[in-house]
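Kindly generate the complete structure, drawing on both the sequences and the hints.
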Amino acid sequence: MPISALKQEHPVHISPNDQKKYRFIELDNKLRVLLVQDDTAPRSSAALSVNVGHFDDPDHRPGLAHFLEHMLFLGTEKYPKVGEFHSFINQQGGSNNAWTGTEHTTFFFEISHHAFEEGLDRFGQFFYASLFNEEAVDKERQAVDSEYKLKLKDDVRRIYQVHKETINQAHPFAKFSVGSIDTLADNDTSSIRDEMLAFYQDHYSADLMTAVVLGNRPLCELELLATQSFSAIPNQNLGHKTIDVAYVTEDQQACWINIEPLKEVRKLTLAFSLPNQDRFYKTKPLNYLGHLLGYEGEGSLMLYLKKLGYIHSLTAGGGVSGSNFREFTLAYNLTEKGIEHT
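The sequence shown begins at 490 in my numbering and counts up one residue at a time.
Quick caveat, the hints were computed from the structure, so don't treat them as lab data. Among the hints, a few may not be true.
Said to hold, decoys possible - When the alpha-carbon atoms are kept at most 30 Å apart in a straight line, the in silico DSSO-like pairs for lysine-lysine are as follows: (1) K796 with K519; (2) K653 with K567; (3) K771 with K730; (4) K771 with K796; (5) K570 with K638; (6) K730 with K653; (7) K567 with K519; (8) K826 with K519; (9) K664 with K756; (10) K509 with K519; (11) K653 with K638; (12) K756 with K510.
Unchecked claim - DEER-style ranges, computed between Cβ atoms: (13) T738 with E710: 48 to 56 Å; (14) K567 with K756: 44 to 52 Å; (15) D733 with I670: 30 to 38 Å.
Note that the Cβ used here is the ideal one computed from N, Cα and C, for glycine as well.
If you want it as structure tokens, here you go:
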């Protein structure tokens with residue numbers, strides 16, 4: 490595919506101490522790609538993130554986006570054999586993985602330099618030519634169910650689920666994200682494979698995708714590889730996605746929630762709900778608040794509570810975030826005395 494398939498190049502501002510070379514391009518299909526020439530990299534690598542996550546799951550199919558992530562690795566039109574991508578990457582000294590979040594799903598791999606061109610060709614096929622092999626559907630559904638059941642007795646996951654059930658239930662954060670053998674089962678009206686294929690075709694649009702391609706080749710070669718691998722992904726012009734449901738209403742504010750852990754955990758978390766903070770990315774006001782409240786020196790909140798014997802540690806500034814919300818949390822690991830003085 491000729492370089493003319495590229496739509497435009499954007500300026501990149503880099504540190505004077507950074508010896509890597511960069512180029513940021515946008516393909517004709519609106520997919521944005523950051524190219525990185527790193528002459529010292531031990532392997533070549535690529536990642537692609539699509540603005541689709543469990544927030545997009547149909548209400549009757551919790552976990553569908555996560556299940557789709559699993560299935561994309563299992564055969565494409567050009568490379569139809571199930572498991573072939575993983576085998577190829579391993580044989581060429583690399584690794585691969587993916588994860589599904591609230592609003593994004595990210596895929597990535599690394600591989601020996603000499604095999605990068607074929608690896609990237611295989612990788613790009615995921616996003617427009619996946620087969621969703623029927624023989625792999627049940628096995629991968631079982632894998633998702635195992636992933637879900639593995640976390641049932643994990644206190645961090647249990648707290649996360651309580652979190653989901655105590656915010657505004659109309660907000661997509663409240664959805665069950667992992668999926669299970671029950672939520673991904675076939676029903677009388679449709680098969681999970683058919684619904685997954687429809688979800689893929691409706692949501693995986695090039696204008697919702699960004700990619701990074703890194704290697705020790707010149708930028709012009711990386712540009713050509715990216716163009717060849719990603720230009721065929723269809724653009725459905727879905728880039729206007731927004732969430733207009735409040736993360737919390739007054740009913741979910743100022744609430745005290747007690748959770749009984751399975752293990753010996755003593756923790757107090759204070760969560761403050763805020764609007765999305767992306768517009769402040771240059772000044773990062775929450776970082777200042779996190780630093781001031783999380784400071785551990787003389788006169789600090791942590792030192793004061795520690796001297797009282799209430800806490801072991803304190804962290805400030807964490808919390809979940811999304812395109813229309815941001816939490817700011819103060820988390821304390823409590824002593825036995827502290828649990829009585831919350």
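| task | Kindly indicate which numbered hints from before are broken by the structure, ordering the numbers from low to high. | result | 1, 2, 4, 8, 12
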